[in-house]
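Visitor: Residue numbers (our numbering), protein chains in the order written: chain L, 1 to 110; chain B, 111 to 464; chain A, 465 to 1079.
Read the hints as simulated data drawn from the structure, not as lab findings.
Don't take each hint at face value.
[Stated by the list, open to error] Looking from chain L toward chain B, a few residues come up when the C-beta cut is under 8 Å (computed):
#1 P32
#2 A39
#3 C40
#4 T44
#5 T46
#6 P90
#7 G92
#8 T106
[Claimed, not checked] Taking lysine to any residue and the SDA-like style, the derived pairs with C-alpha atoms no more than 25 Å apart in a straight line are:
#9 A/K1079 / B/I375
#10 L/K108 / A/K871
#11 L/K21 / A/R784
#12 A/K1038 / B/D406
#13 L/K28 / A/N815
#14 L/K18 / L/F52
#15 A/K1033 / B/C291
#16 A/K871 / B/R266
#17 A/K871 / B/K293
#18 A/K1079 / B/C291
#19 A/K878 / B/S370
#20 B/K293 / L/T74
#21 L/K21 / B/L193
#22 L/K73 / B/I375
#23 L/K28 / A/K871
#24 A/K871 / B/K182
#25 A/K1027 / L/T36
#26 A/K1079 / B/A265
#27 A/K878 / B/D321
#28 A/K878 / B/R266
#29 A/K871 / B/D406
#30 L/K73 / A/K1027
#31 L/K73 / A/K1033
#32 L/K73 / A/T826
#33 A/K1027 / B/D406
#34 L/K25 / A/Q1026
#35 A/K1079 / B/S370
Given the structure is predicted, the values throughout are model-derived calculations rather than measurements.
Beta carbons: idealized from backbone N, C-alpha and C, even for Gly.
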Amino acid sequence: MIDFGYSIRKDRLIDYDKNDKRVLKHLKDHEPSVLTCIACGSCTATCSAGQFVDFNIRLVQTLLRRGEIVPLKTEVQKCMLCGKCILVCPRGVNMRNLILAIQTATDKLK
Amino acid sequence: MQDPNDLHYPGKRVIIIGGGVAGMTAASRLADLGEQVILLEKEEVIGGHLRNWDRLFPNRRPGYQVLDDLQKSLDGRVGIRCLTTVESILPQGSGFQILLASGESLACDALLLATGFDLFDATKKEEYGYGIYENVITSADLEAMFRSGKPVMTARGKVPERVGFVHCVGSRDEKVGNLYCSKVCCVTGVKQAIEIKEQLPEAELFGFYMDLRMFDRHFEEMYYEAQQQWDINFLRGRVSECAENLDHSIVLKIEDTLTSRPLRITVDLLVLLIGFIPRPETLRLARMLEIAMGDDHFLEPTDEHTRFNHTARPGVFIAGANKGPLTISHTIADASSAAVQIHNFLHPVNEVHP
Amino acid sequence: MISFNLFVLPFSLGLIYLLYMVIRWWYKWVKALPEEEREKFRKGIFSRNFFSALKEVFLESLIHRKMFKRNPLLGYMHMSFAFGWFLLILFGNIESRIYSTSHVNPPYYPIFLKFFIHDKTVLWFEINTVPGFFRFLMDFLLLFILSGLVLAIIKRSKSNWFGMKRTTQYQLTDKVALVCLWLIFPVRLFAESFTDGYYGGGGGFITQHLGNLLALIFQKSSRHIAYALWWTYSLALGIFFVTLPFSRYWHIPTEVLLIFFRHFGITPKKVSSSFTDVEIGACSRCGVCIDVCQLGSAAHIHDIQAVYFIRSVRDEQVNRDIALRCLVCGRCQEACPVGIGADMIRLIERNTFSGSHDADFTYLPELSSSTASPYSFPALKSPSSPSQPSILYFAGCMTHLTPAIIKAMKGILKQAGISYHFLDEAGTVCCGRPMMLSGKHEQARKLVQFNRDLILRSEANTLVTSCPICFRVFREEYNLDIRVLHHSQYLLELIKAGKIPLQVYHRRVVYHDPCDLGRGSQEYNAPRELLGKVADMVGVSQERQDSLCCGGSLGIYTISPQKRDLITKDALEKLTLSDPEILATACPLCKKTFSKHAEIEVLDIAEIVYDAIPK
């Protein structure tokens, strides 16, 4: 099987084949609007928490869709739930509800 | 040759509502085909939005050349009524009776709606500061600046050192209720950036985009030229809000998505690339004529692929940007097609459809 | 000798069970109160508040005054059952004491009086003490209740006559209890009538005449039919009592306790408490909250209204959807005749669904006096004029997305020559209320702490904010000793002090009450007075306590943008009925939400005031 050199540095890559996408599925059920995200970055740009700390909600959500759930739990604790992100999103994604759902999902994952 | 304004012209008459690019083109082609055409325009002169553009993409040729070309083709062959608005339309026989606001009534055998588009009102995107901060302008304002021949400058007459372009203002945005892409704004942004660079080679130019839609022939090459020849920067990130410094320059709140970091940037002039919106007038006429509209309130032809100038009502045709955002070249093509369809409607032949 | 018959058993056993349940739960609920509140309860019983509570029990639980205000027919219907039955029991007891032959009267005696008196063959019409009075009164009260029953039956198909478009969808227990309740009085009527008819006397203007007619038809069978009906009457009562604690009628005793709690100064908490449990039991499922809910009327969502939510809490079946799908606009609790704080309970339940995480706000900057930090600033109080107000302006997260408001505020304050500090100009730490709306009350306190420290550091004595959400939380949660004003209140003060010259707009303006400023903070007048000075106000049918939510709500978590749009458009339609030129808002979120769909101009009151300043 050809692996294109992916196996050289496994910690670097997003292994889409192997990633556990159950969290993603659970979240898609709770907040279907997340399907339409185009990763434009408006949410991260306007984020209240993002002014103070390295909290990149677009990145967190994009990684989630790739099945990368490791940073999720600690990252979403930073959210102030202020709601600015939903007020600027051009696709109508309800990030705020997604974050709440991530918090409960990662609770269960323990 | 018979005076086209003569209301006793023998033969079939077509009335076109809207004297912009689509209306003028269709009028000219229909005149070529021997029909009598009366063109109704609500402004003082015909020409529509084309009158406001300086140079057109993709080759940056002067817009007035196209306008002149179209206008010349109408001279003496088409009846033109400016400052004319349509009050109501009633079916009459196999044609229509158009009641104008002046009280006059015109009969026709076929009707073409070429009512065009409006530009998005950028004040609705309040967080960008249009109408609030003096150095935030729209692409239309910039184009007017180009047309006036005056050099590009800030509100207080300073030469800008850095100019930013915000893509997708009023388009692809659930928050203003316009989900569609306005198609032409990306290429306009790149064109205008190049044009500023031509004037101000020392200025730093930035385009802030979600996607760069360079869909037509020569567009991608323009993007390449913008980067290679003019050193224009393209930053992938959607501006979330703007603020004004004491010196009236604009600070942008943006995430540089390609590096996943917040990026601080100040510009002297911010240009909002505004999109198209459907005209309320089109909606009014559409409801009156009971022809289809999409959820986006642009007109919906009978078939997207095979009958794209027809409507559900026989004799009523549509052409141009009232069907959705369209470039000038595509509008001319679309209107030409409409003219043929109208001609065939008026003189039924065995139309072959795929 | 004690009067007894086997048929009294269902009633008696049911009653015993019901009394046991009431005593048990009341005891439990009072015991579960925190120590200070138990004290309040003890003290309250012997205080004047006891009588004010009794008065409210009379006016609301019996007369249903608030129901009457909502709709007279609805009020009469509820009153006739409650007050009528109360009077029936009361006078029935008096009557039985007068006419009984024994000193020991079991509780069932007055209920089944007509059965026993006849059974004893004591010709009670021979007794001189007011013979006709009770016969008339008891029949009259029965008629009173039955008139309500007829209305209740009509309401099932013609609810709009009662001012209700939609009524509560009942579950099985409620249906069973309802059927029993509805059977009780007609069955009593016929039981008494058959008995009176058979014995040829003892009945009132209804029961005697009906009884005589029935005796004519059924002859000797009347006695047996009567007996069967007495059994049915007892069973209806018994089953009703037994199902009562598990049905909506549990509100009958529980509402009484709730009224006492309130009058004794016991209050709801931010977490689940005894008070909340009592509130939940006090919901009668009358359904008045259904029509006022915009999620139902505009967005066609019909399963999450307060009545269903409270039912799900009582049944311990709250799911995420029902907890998070609420605008928290306050319309339901405004309409509730029992005054249940449904919003507060919704937030308490949300705690379960918002994750047990500690929020991590350790990234918030240290407040230091170092001038390098954007959060340091010199004390605002000028030493030469310590009595001058030193103003802090807090724009809030949302206002940064509506910068026209900031520009207007800055312009007005400059015009008035006010020196102030713009607290969150560099960037806002959220006031905390949006987080509280997710139920994460404890976590939000960290945000509150930061902002509070910041505000106290400034030594300002007046805090002005242009966002009602922030305004509400500053007042309710921040414990600030300084004056906290919404910008509409502050601007009005400035105008009254002559600090701002104004010219009248003469444009037609309609004002929209934001949920958190209106129902949330009881401020309805300042914005109106302010606007009245610069523009021509036009009326709107639903305003003040009855105002509509714009739909922008941060209180709702699970809603699609399309459904939100429906709510906004519906509110806009109602606001623009009288054809205004401008929609005036006092909230940046309302402004942003309305701007999306409004065809007229949407302006914040600060913008309108600023525009009216001659320049």
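Visitor: Now, for every hint given, state plainly whether the structure supports it.
Guide: Against the structure, the hints come out as follows:
no.: 1; hint: P32; verdict: violated, 14 Å
no.: 2; hint: A39; verdict: holds, 6 Å
no.: 3; hint: C40; verdict: holds, 4 Å
no.: 4; hint: T44; verdict: holds, 4 Å
no.: 5; hint: T46; verdict: holds, 4 Å
no.: 6; hint: P90; verdict: holds, 4 Å
no.: 7; hint: G92; verdict: holds, 4 Å
no.: 8; hint: T106; verdict: violated, 21 Å
no.: 9; hint: A/K1079 / B/I375; verdict: violated, 33 Å
no.: 10; hint: L/K108 / A/K871; verdict: violated, 46 Å
no.: 11; hint: L/K21 / A/R784; verdict: holds, 22 Å
no.: 12; hint: A/K1038 / B/D406; verdict: holds, 24 Å
no.: 13; hint: L/K28 / A/N815; verdict: holds, 21 Å
no.: 14; hint: L/K18 / L/F52; verdict: violated, 34 Å
no.: 15; hint: A/K1033 / B/C291; verdict: holds, 24 Å
no.: 16; hint: A/K871 / B/R266; verdict: holds, 19 Å
no.: 17; hint: A/K871 / B/K293; verdict: violated, 33 Å
no.: 18; hint: A/K1079 / B/C291; verdict: violated, 41 Å
no.: 19; hint: A/K878 / B/S370; verdict: violated, 39 Å
no.: 20; hint: B/K293 / L/T74; verdict: violated, 40 Å
no.: 21; hint: L/K21 / B/L193; verdict: violated, 62 Å
no.: 22; hint: L/K73 / B/I375; verdict: violated, 31 Å
no.: 23; hint: L/K28 / A/K871; verdict: violated, 40 Å
no.: 24; hint: A/K871 / B/K182; verdict: violated, 49 Å
no.: 25; hint: A/K1027 / L/T36; verdict: holds, 17 Å
no.: 26; hint: A/K1079 / B/A265; verdict: holds, 20 Å
no.: 27; hint: A/K878 / B/D321; verdict: violated, 42 Å
no.: 28; hint: A/K878 / B/R266; verdict: holds, 22 Å
no.: 29; hint: A/K871 / B/D406; verdict: violated, 33 Å
no.: 30; hint: L/K73 / A/K1027; verdict: violated, 30 Å
no.: 31; hint: L/K73 / A/K1033; verdict: violated, 38 Å
no.: 32; hint: L/K73 / A/T826; verdict: holds, 15 Å
no.: 33; hint: A/K1027 / B/D406; verdict: holds, 17 Å
no.: 34; hint: L/K25 / A/Q1026; verdict: holds, 23 Å
no.: 35; hint: A/K1079 / B/S370; verdict: violated, 45 Å
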